[in-house]
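Undergrad: Just so it is clear: in the sequence shown, position 157 is 162 by the working numbering, and no numbers are missing.
In short, the hints are calculated from the structure, not lab data. C-beta atoms are modelled at their ideal positions from N, C-alpha and C, and glycine is treated no differently. Wrong hints could be hidden among the right ones.
DEER-style ranges, computed between Cβ atoms [claimed, not checked]:
#1 Leu-266 <-> Asp-234: 38 to 48 Å
#2 Glu-268 <-> Ile-81: 47 to 57 Å
#3 Ala-28 <-> Leu-178: 49 to 59 Å
#4 Leu-138 <-> Asp-226: 24 to 34 Å
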Amino acid sequence: MLVAAWRQQRWRRRWGVPVLLAAYLGYVGMGAAVLQALERPAEVRAAQRLLQERLELLANHTCLQGPALQRLVEAIIQAYKSGITLQGNTTNLGRWDYSGSFFFSISAITTIGYGNLSLSTAVGRIFCIVFALFGIPLNLVLLNEIGQLMLLGVQHCAHRLEEVFPWQNKASLLMKTCALVTGLLLFLLLPPLLFSDKEGWSYEEGFYYSFITLSTIGFGDYVIGMNPDRTYPRWYKNLISLWILFGMAWLALVIKFCINLLETSSDFCQCNTKSTEMAEDLMDGNKNSMIGLHNVDICNDKDTKTKGPGESHT
Numbered sequence: 006m007l008v009a010a011w012r013q014q015r016w017r018r019r020w021g022v023p024v025l026l027a028a029y030l031g032y033v034g035m036g037a038a039v040l041q042a043l044e045r046p047a048e049v050r051a052a053q054r055l056l057q058e059r060l061e062l063l064a065n066h067t068c069l070q071g072p073a074l075q076r077l078v079e080a081i082i083q084a085y086k087s088g089i090t091l092q093g094n095t096t097n098l099g100r101w102d103y104s105g106s107f108f109f110s111i112s113a114i115t116t117i118g119y120g121n122l123s124l125s126t127a128v129g130r131i132f133c134i135v136f137a138l139f140g141i142p143l144n145l146v147l148l149n150e151i152g153q154l155m156l157l158g159v160q161h162c163a164h165r166l167e168e169v170f171p172w173q174n175k176a177s178l179l180m181k182t183c184a185l186v187t188g189l190l191l192f193l194l195l196p197p198l199l200f201s202d203k204e205g206w207s208y209e210e211g212f213y214y215s216f217i218t219l220s221t222i223g224f225g226d227y228v229i230g231m232n233p234d235r236t237y238p239r240w241y242k243n244l245i246s247l248w249i250l251f252g253m254a255w256l257a258l259v260i261k262f263c264i265n266l267l268e269t270s271s272d273f274c275q276c277n278t279k280s281t282e283m284a285e286d287l288m289d290g291n292k293n294s295m296i297g298l299h300n301v302d303i304c305n306d307k308d309t310k311t312k313g314p315g316e317s318h319t
């Protein structure tokens, strides 16, 4: 039984994340294809109407009048909300192509929800509800597996360092520090340089967007790929989608580590309070001395007990 359980756990560690990642990408890809099929025709029709109104206005009105100009402005505002902009005699589409739909699917099931883009068809809204209902649990399971894989990698490297060098307790601290610094570079410090190049943002704006996105706050004041004056490569949104996925898993580990520190501090304070109360009871003679001393020893053992590898991540 133990050998079978060990083999099953080993198989899960080796193939669990790739299988879940394949299912995750397949699910998001399917959602992107459905959203593109549902939303793209409406986007094209809106763009055609906007372009037709502009051409008619220029042909029939040499001097713009108030009502005609107002209709044009309203049409431009409504089209801009849908991601459509005028560029000369053509319209700029892109929010509901496949890469844009894929990015929208990622932001939906990760619960980021920027709010800058919304569905315009009733069928698309109904599909989004069903899609998110099953996609959010799948996203949480995948993030949990990726986080455990990251944590196991850090612990494995720490054990190897302890075997090679006689550092003992310093090896674990060193690996945790390296993992923290590496995560900061990959997910928070370096991405703003890419955003500065592709979006024209400042470094502070890119860093702000990175944290707001990975923490799933998602205000929507800064969103990638939405500037009509810029041309984005096809791989850009797909790369950012993967960055969001792994960055959320890393940030969740950091947040969990902070929670553990707070919980440990809280347990230490509570245990010291209990020890003081037991000592006072012993002095007053309200309890048996042997029981009181035994309880104090238990509390001290609880303070000095180190947590196992499985307790450092949920």
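Undergrad: Compare the structure with each hint and give your call.
TA: Hints, verified against the model:
no., hint, in the structure
1, Leu-266 <-> Asp-234: 38 to 48 Å, "holds, 45 Å"
2, Glu-268 <-> Ile-81: 47 to 57 Å, "holds, 53 Å"
3, Ala-28 <-> Leu-178: 49 to 59 Å, "violated, 36 Å"
4, Leu-138 <-> Asp-226: 24 to 34 Å, "holds, 28 Å"
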